[in-house]
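Novice: Sequence:
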Amino acid sequence: MSDTTIMKVSSGRSPKGQMGQKYLASGIQVSMRLWEREPPGDAKQPTARDYETVGFVIAGRAELLIEGQMVRLEPGDSWTVPKGASHSYKIIEPFTAVEATSPPAGVHGRDETGATPSGKT
1 MSDTTIMKVS SGRSPKGQMG QKYLASGIQV SMRLWEREPP GDAKQPTARD
51 YETVGFVIAG RAELLIEGQM VRLEPGDSWT VPKGASHSYK IIEPFTAVEA
101 TSPPAGVHGR DETGATPSGK T
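Going by UniProt numbering, the sequence shown opens with residue 1, and the numbers climb by one from there.
By construction, these hints were calculated from the structure, which means they are not laboratory data. Hints should not be assumed to be uniformly reliable.
[What the hints assert, rightly or not] Calculated pairs, DSS-like style, for lysine-lysine (alpha carbon to alpha carbon, straight line, at most 25 angstroms):
#1 44 <-> 16
#2 90 <-> 22
#3 22 <-> 8
#4 44 <-> 8
#5 83 <-> 44
#6 83 <-> 22
What you are looking at is a predicted structure, and each value in this text was computed from that prediction instead of being measured.
Take these sequences, add in the hints, and give me the full structure.
Specialist: Laid out in structure tokens, this is it:
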């Protein structure tokens with residue numbers, strides 16, 4: 001019997017969330033999302049999420065303020081936002097990044113209720 005849980009998701013056809021995120025592959029314990037060419041702007045309000053996030057910057061620059069520490073994110077950088085950590089972000093240059101969240105952020109409306117992109121936040 002073959003495994004039918006294997007999934008391929010094309011980002012060009014991915015569903016988009018209310019904040020502009022594209023939902024990529026998702027499993028039971030982890031999911032991925034893509035932020036493409038997010039525009040520069042003012043710093044976002046601090047928030048805390050009920051999931052852990054790790055991310056990787058593909059293009060652009062942002063500042064991540066997490067628990068009072070500022071981290072500058074540039075292409076090739078990766079980051080972690082622990083579950084429950086207070087964080088915010090400011091996009092400096094058009095920003096493209098991939099994030100993985102555990103448990104999946106897109107389940108039960110976790111990242112649609114007043115949320116901001118947690119990896120950039």
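Novice: Against each hint, give a clear statement of whether it holds in the structure.
Specialist: How the hints compare with the structure:
Taking the CA atoms of residue 44 and residue 16, the gap is near 20 angstroms; set against the 25 angstroms cutoff, the hint holds. A hinted pair counts as satisfied when its Cα atoms are at most 25 angstroms apart, and residue 90 with residue 22 qualifies at roughly 20 angstroms. A distance of roughly 14 angstroms separates the Cα atoms of residue 22 and residue 8; the hinted pair therefore holds under the 25 angstroms criterion. At most 25 angstroms may separate the alpha-carbon atoms for a hinted pair to count; residue 44 and residue 8 exceed this at roughly 32 angstroms.
The hinted pair formed by residue 83 and residue 44 meets the criterion: a straight-line CA distance of about 18 angstroms does not exceed 25 angstroms. Proposed proximity of residue 83 and residue 22 is supported: the alpha carbons are some 21 angstroms apart, at most 25 angstroms.
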